Each structure stands twice: as structure tokens, then as C-alpha cells.
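Trainee: Sequence:
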Amino acid sequence: MRRIKGVVKKSIATLLLFGMVFDFSGVFAGAYEQGTGDVNVPTGMTMVPAEYYIARSKNYSYVLVQAYAVTPVHGGTDNFHKCKTQIKNSQTSYDISDKYTLSESGPVVNVYLTEGNYNVSHFDLYFSGNSANYPANVRYYYNGR
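So the sequence shown is numbered by my numbering: it starts at 1 and just counts up by one.
For the record, the hints were derived by calculation from the structure and aren't laboratory data.
The calculated lysine-lysine pairs, modelled on BS3-like cross-linking and capped at a C-alpha distance of 30 Å, are:
hint, residue 1, residue 2
1, K82, K99
2, K82, K58
3, K88, K99
4, K88, K58
5, K84, K99
6, K99, K58
7, K84, K58
None of the values given here were measured: they were computed from a predicted structure.
Based on the provided sequences and hints, a complete structural model is requested.
Mentor: Written as C-alpha cells, this is what we have:
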């Protein structure tokens with residue numbers, strides 16, 4: 001019995017020492033998500049969620065968003081070229097960025113978080129169309145940096 005207690009004590013001491021020597025608190029710091037998707041946006045330019053709970057590194061004051069394509073939902077002539085995007089806090093659903101207009105096949109855009117929200121670790125990505133009269137489909141890319 002004494003031998004078992006001694007082994008347990010040594011094991012615990014070794015684990016504590018290992019934990020102090022090798023600080024793993026930063027191993028997962030800076031982890032972020034990126035991806036692509038599609039979302040249908042309604043008439044009225046209403047912001048709708050495209051992605052929920054996207055991890056961001058908190059190393060930057062912005063996230064990256066790009067619109068690959070903006071197309072009509074019901075087919076027909078494709079005169080759609082723009083959409084809008086906005087970032088919301090996953091925990092509170094509050095807006096943490098302004099609305100940004102994205103151009104179809106345009107560059108990746110830095111969507112800056114509003115001051116005081118740089119430490120938000122997860123965000124929701126929202127889109128709307130650029131016309132109050134027509135719904136659209138938006139194909140997008142995001143990067144939580």
C-alpha cells in the first residue's frame with residue numbers, strides 16, 4: 001500500500017512539474033476558422049445569418065470576407081453584382097462591425113470590428129442582398145484570422 005501511495009505522489013509531482021515547465025496555455029491561442037458557403041438572402045435587404053460561431057484568432061482587428069458570386073435565386077438574367085455583409089458577436093448577437101458592400105468576384109475585404117470588440121473569440125457572419133426588390137444567392141469565403 002505504501003508503495004502505491006509513493007508512486008501516486010511521484011506521478012502527481014511529475015505532472016505538476018511538467019505542467020510548470022511546459023506552459024500549454026498558448027498552444028491553442030490563435031486558432032481560427034475559414035471556409036466557404038452559400039446563403040439565400042431575401043428581398044428587403046434584411047441581414048440573414050450564413051455561418052454561426054466562427055472562431056477567430058483575436059490577432060487582428062478584422063476578419064476576411066469575399067463574395068465569389070451573387071446570383072438571382074429564381075434564375076433569369078444575372079444583373080446582380082453586389083451584396084452586403086456584417087459581423088455579429090456569437091455570444092450576444094450584437095453587431096460588432098459596420099455593414100460592408102462586397103462586389104461579386106471582388107477582392108477579399110477586411111471587415112473591421114468596431115472598437116471594443118477586438119477580443120471577441122467567435123463571430124456570426126451575416127449577408128444581405130443589394131436590392132430591396134429581389135432575393136439573391138451569395139457564394140462567399142470567410143477567414144477568422
